[in-house]
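Trainee: As a plain string of letters, each chain reads:
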Amino acid sequence: MAKPSPHDRKYTKEHEWAKPNGDGTVTMGITDHAQELLTDVVYVELPAVGRKAGQMQPIAVVESVKSVSDIFAPVSGEVTAVNEALEATPELINKDAYGEGWIAKIKMDEPSELDGLMTAEAYEEYIKANPH
Amino acid sequence: MKRTPLYDRHVALGATMTEFGGWEMPVQYTSVIDEHKNTRTLAGLFDVCHMGELEVKGPQALDLLQWVMSRNLAKQQIGEMKLSAITNEKGGIIDDVTIYKRADEHYMVVTNAATKDGDLEWILKARQQKGLAGADVKDLSDEMGKIDIQGPVAQTILTEIVEGDLPALPFYHAMDTRVAGMPALVSRSGYTGEDGFEVYATISRIVEIWDLLLRVGDPHGIKPAGLGARDTLRLEAGMMLFGHEMCQTVTPYEVIYGWITDLDKDFIGRDALKRQKDEGIRRKLIGFELIDRGIARHGYPVIAVGEKIGEVTSGTFSPTLGKAIGLAFVPVKLKEPGTELEIEIRNQRVKARVVQLPFYKRKK
Chain A
169 MAKPSPHDRK YTKEHEWAKP NGDGTVTMGI TDHAQELLTD VVYVELPAVG RKAGQMQPIA
229 VVESVKSVSD IFAPVSGEVT AVNEALEATP ELINKDAYGE GWIAKIKMDE PSELDGLMTA
289 EAYEEYIKAN PH
Chain B
3 MKRTPLYDRH VALGATMTEF GGWEMPVQYT SVIDEHKNTR TLAGLFDVCH MGELEVKGPQ
63 ALDLLQWVMS RNLAKQQIGE MKLSAITNEK GGIIDDVTIY KRADEHYMVV TNAATKDGDL
123 EWILKARQQK GLAGADVKDL SDEMGKIDIQ GPVAQTILTE IVEGDLPALP FYHAMDTRVA
183 GMPALVSRSG YTGEDGFEVY ATISRIVEIW DLLLRVGDPH GIKPAGLGAR DTLRLEAGMM
243 LFGHEMCQTV TPYEVIYGWI TDLDKDFIGR DALKRQKDEG IRRKLIGFEL IDRGIARHGY
303 PVIAVGEKIG EVTSGTFSPT LGKAIGLAFV PVKLKEPGTE LEIEIRNQRV KARVVQLPFY
363 KRKK
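Protein chains in written order, with the working numbering: chain A, 169 to 300; chain B, 3 to 366.
Keep in mind the hints are simulated off the structure, nothing from the lab.
No residue lacks a Cβ here, since even glycine has one placed at the ideal position from N, Cα and C.
Do not take every clue at face value.
Claimed, not checked - Distance ranges between label pairs, derived from CB positions:
#, chain 1, residue 1, chain 2, residue 2, range
1, A, K275, B, K366, 54 to 60 Å
2, A, V217, B, I262, 38 to 44 Å
3, A, E293, B, K366, 52 to 58 Å
4, B, D280, A, Q225, 52 to 58 Å
5, A, K275, B, L216, 40 to 46 Å
6, B, G301, A, E259, 38 to 44 Å
7, B, A274, A, E246, 29 to 35 Å
8, A, E293, B, L216, 53 to 59 Å
9, A, V236, B, G16, 21 to 27 Å
10, B, E21, A, V217, 38 to 44 Å
11, B, E107, A, T257, 56 to 62 Å
For reference, chain B alone in the conformation it holds in the complex:
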């Protein structure tokens, strides 16, 4: 298993470690609920060095990205960040990524940890098939680290050690700056539903940045948060996780990625997705809450009229809402909020209700 440079810090903080995407990562330091609530009310610090970063550069960089990404990037501005899916010929999702435009002909693609090698291989194959030799693709993952600082006071804390006008940075935009005097890329974005930032810097300086953020953030209430809280935070915010909601046999339209799929340009999977859009999808990812007691988990069957009609993709106890919530695939006709379903938990059927996503939206 791989370890991030912050491994020793996690162990010293008493974290429970777990395997995630081939990495040994902290699942919690004290308690998932405490870390979750601290991120919602103050700030949480997340080690996400396990995520992948790919650089795409050169005169054909945009052509290559347009060919492999579901999102139309033609109008992306320098400093702007875009969420996209990478789809296969059938429209199935290979990964969901964020794309940073660093400069003209210079992009960074941020991938999930477990999918990075496959993404790189896929993009290189596409580059070859399309004859896009003018796009250089480089794996930066081993040299680049990533820390997320999330929560209502994240900006206050990060402002103390970042150069430039952080408060002026718009949502889903990035700036090249210095953090604690070290070159870094900072974007206002994240995976928690709170205001916050993703900080990229050279891997050799990540421990310094982590320590400094904990030190200057301490009076403001920052606490490290593990993957357990990251998962409950993203689920409350209605965000999906590759490997749970998405895999190579699930298309963007079946989940909630229709808005990042642009059929007006050509890309791998476009024709299959066009066909699916014209014919209509059969299943849809929905949010649900349990009416009865219990907690629905990944893989539990969804039942309607006595038959298994779908499956839970993620489920947990929501620390903010104090109830059991989850995401599940159901036939399209059952996707409307208010629809009652049953979830099978240890051979018992409990009542659930389809609800509007997200479960939680922060007050602006």
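So that you can see chain A by itself, here it is in the shape it has in the complex:
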């Protein structure tokens, strides 16, 4: 069973999370449900710092032994930091998807985009209805 979705952040239908940091940036990653579906994450392709992405545009790639998955930017903006620890230890995503397995920080172009994302409750309902 997936770990409960923390309430301090918002969620996308593509299973990303975005946690506002209070300084106009969000930290983003993929959900625990997503890492369960992927299982063994063996490679993460991180974006370059400074890269700009529109909301729900591909920003990173996560690979398991069997699959290659695009990860989408939950909000539009500019990448200000990436989790370089994932280069050597991509399994951090499996171990701690909501913490140490974070992928990038994005400076938001349009903070109101967060309002359009799902709350933790809504996301849990969503994955119950769409288990795969």
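Position chain B against the provided structure of chain A, taking the given hints into account.
Mentor: Just chain B, lined up with the frame of chain A:
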């Protein structure tokens, strides 16, 4: 999609199911890496009931097999198992199969799942063209099941429920025996690079054998393993997969099947292969590892001096070696181990190096 008799077992074990060769098969139960490592260190149990079995019997059985197989089977002994290719007139590979000699004039050909119907049709056509009415060909696939038990403790586990002297069975040999009291054919062989066995029994008893192997194997650490682990295990062991490394426009010499191609006998494709051998091949299947970060996958371009010169046929992250490995076709002049290449991954070129196959060899 077809299902094996073990389908309900897979679902109950929480397997993720996938389509493979027209069958709904388990890709993983818990994690590909766990199942892979468990097979390398202890034992893995694989449902391979989707594979095809064809029986070739009668006074002209050997004549027919000699005509359709690249391998010379003239000296095959009863109980011996042989790997062979079936090739078309141009020498292209129709399938790669194993052939069991069950008795004089009695053989079993084990095929890949997706190619079975085509193989049967091809063999029947060859039989007709050659006028080999004394060879009966029968499709046993619906009545025969197959389970592979692979890994260092496979023998310990299987010995508990098999009659006869299993430890004395040599590699690539089979014995007619009983497993859990049920008639079965057991060979020491597999597709993982580990010691292990392939077990054939009537399809109606396969669930019993599966359950029993999991029960008696539990104290020894056996775990079911899915097609995901089967693929990473075979790739580490440098074994090829039909549909990836092989297809009807690829010849045995271009891959690593020269050793099972015998030009000293006549068979379909022999003349074309003789010509290719005399003239020399242009491309060759090689093993590579990535020097840069990334994972190469099936279909990714291989680049040398800025140009696309080949293609990755299989690629993955190797759980045993902890790095990205793969197989690819390259021009012959680039086949030597140590040669540096580039692989294009999502429009970026990453460095790779040709390495000797297999990637992994078990310690004996």
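Trainee: Each of the hints needs a verdict: does it hold here or not?
Mentor: Taking the hints in turn, this is what the structure says about them:
no., hint, result
1, A:K275 x B:K366: 54 to 60 Å, "holds (58 Å)"
2, A:V217 x B:I262: 38 to 44 Å, "violated (53 Å)"
3, A:E293 x B:K366: 52 to 58 Å, "holds (55 Å)"
4, B:D280 x A:Q225: 52 to 58 Å, "holds (55 Å)"
5, A:K275 x B:L216: 40 to 46 Å, "violated (53 Å)"
6, B:G301 x A:E259: 38 to 44 Å, "violated (26 Å)"
7, B:A274 x A:E246: 29 to 35 Å, "violated (59 Å)"
8, A:E293 x B:L216: 53 to 59 Å, "violated (37 Å)"
9, A:V236 x B:G16: 21 to 27 Å, "holds (23 Å)"
10, B:E21 x A:V217: 38 to 44 Å, "holds (40 Å)"
11, B:E107 x A:T257: 56 to 62 Å, "holds (59 Å)"
Checked against the numbered hints given earlier, the structure breaks hints 2, 5, 6, 7, 8 and satisfies all the rest.
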